[in-house]
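Using the sequences plus the hints, can you model the full thing?
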Amino acid sequence: MTTATADQLTASDRCDRCGAQAYVRVTLESGQLFFCAHHGRALTPQLESVAVEIHDESDRLLASSSASDSR
Numbered sequence: 001m002t003t004a005t006a007d008q009l010t011a012s013d014r015c016d017r018c019g020a021q022a023y024v025r026v027t028l029e030s031g032q033l034f035f036c037a038h039h040g041r042a043l044t045p046q047l048e049s050v051a052v053e054i055h056d057e058s059d060r061l062l063a064s065s066s067a068s069d070s071r
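One point on numbering: in the UniProt record's numbering, the residue at position 39 of the sequence shown is 39, and numbering is uninterrupted.
Be careful, since some hints might not be right.
[Unchecked claim] Have a look at the derived ranges for each label pair, beta carbon to beta carbon:
#1 Asp7 / Ser30: 18 to 24 Å
#2 Leu62 / Ser30: 27 to 33 Å
#3 Cys18 / Asp59: 15 to 21 Å
#4 Arg41 / Asp7: 19 to 25 Å
#5 Gly19 / Arg60: 27 to 33 Å
#6 Asp59 / Asp16: 26 to 32 Å
#7 Gly31 / Gln8: 17 to 23 Å
#8 Ala63 / Ser30: 29 to 35 Å
#9 Glu29 / Ala63: 27 to 33 Å
#10 Ala11 / Leu43: 17 to 23 Å
#11 Glu53 / Cys18: 20 to 26 Å
#12 Ala11 / Ser49: 14 to 20 Å
#13 Thr10 / Ser30: 19 to 25 Å
It should be emphasised that the hints constitute simulated quantities derived from the structure, not laboratory data.
By construction, the Cβ of each residue, glycine as well, lies at the ideal position given by its N, Cα and C atoms.
Structural data, given as structure tokens:
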């Protein structure tokens, strides 16, 4: 697994498990998988051994809820 900088995920990137907005992109030798924060947390441990890269932006959820809490 590497931590190279990747393109930011957008609202059009959807979870391959449930269709929610994706915050985790897993790059495999054969392609990419996208997951919401929930499925990303659940599946990342199993995927770490085969992933070329795991790009996790789930911290954006905490940043946006912190901003709304301070209003």
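Hint check:
Judged by the Cβ atoms, the range 18 to 24 Å given for Asp7 and Ser30 holds: they are separated by roughly 19 Å. At roughly 31 Å, the beta carbons of Leu62 and Ser30 sit within the given window of 27 to 33 Å. Between Cys18 and Asp59 the CB atoms are about 20 Å apart, so this pair conforms to the stated range of 15 to 21 Å. The hint said 19 to 25 Å for the Cβ distance between Arg41 and Asp7, and at roughly 21 Å that hint holds.
Between Gly19 and Arg60 the beta carbons are some 18 Å apart, a value that contradicts the proposed interval 27 to 33 Å. At roughly 21 Å, the beta-carbon separation of Asp59 and Asp16 lies outside the given 26 to 32 Å, and the hint is violated. Separated by about 19 Å at the C-beta atoms, Gly31 and Gln8 satisfy the suggested range of 17 to 23 Å. A beta carbon spacing of about 32 Å between Ala63 and Ser30 agrees with the range 29 to 35 Å that was offered as a hint.
In this structure the hint that Glu29 and Ala63 lie 27 to 33 Å apart at CB holds, the actual value being about 32 Å. At about 21 Å, the beta-carbon gap between Ala11 and Leu43 stays in the expected band of 17 to 23 Å. For Glu53 paired with Cys18, a C-beta distance near 22 Å keeps the hint of 20 to 26 Å intact. Separated by about 30 Å at the C-beta atoms, Ala11 and Ser49 break the suggested range of 14 to 20 Å.
Hint check: Thr10 to Ser30, Cβ distance near 23 Å, so the stated range 19 to 25 Å holds.
The earlier numbered hints that this structure contradicts are 5, 6 and 12.
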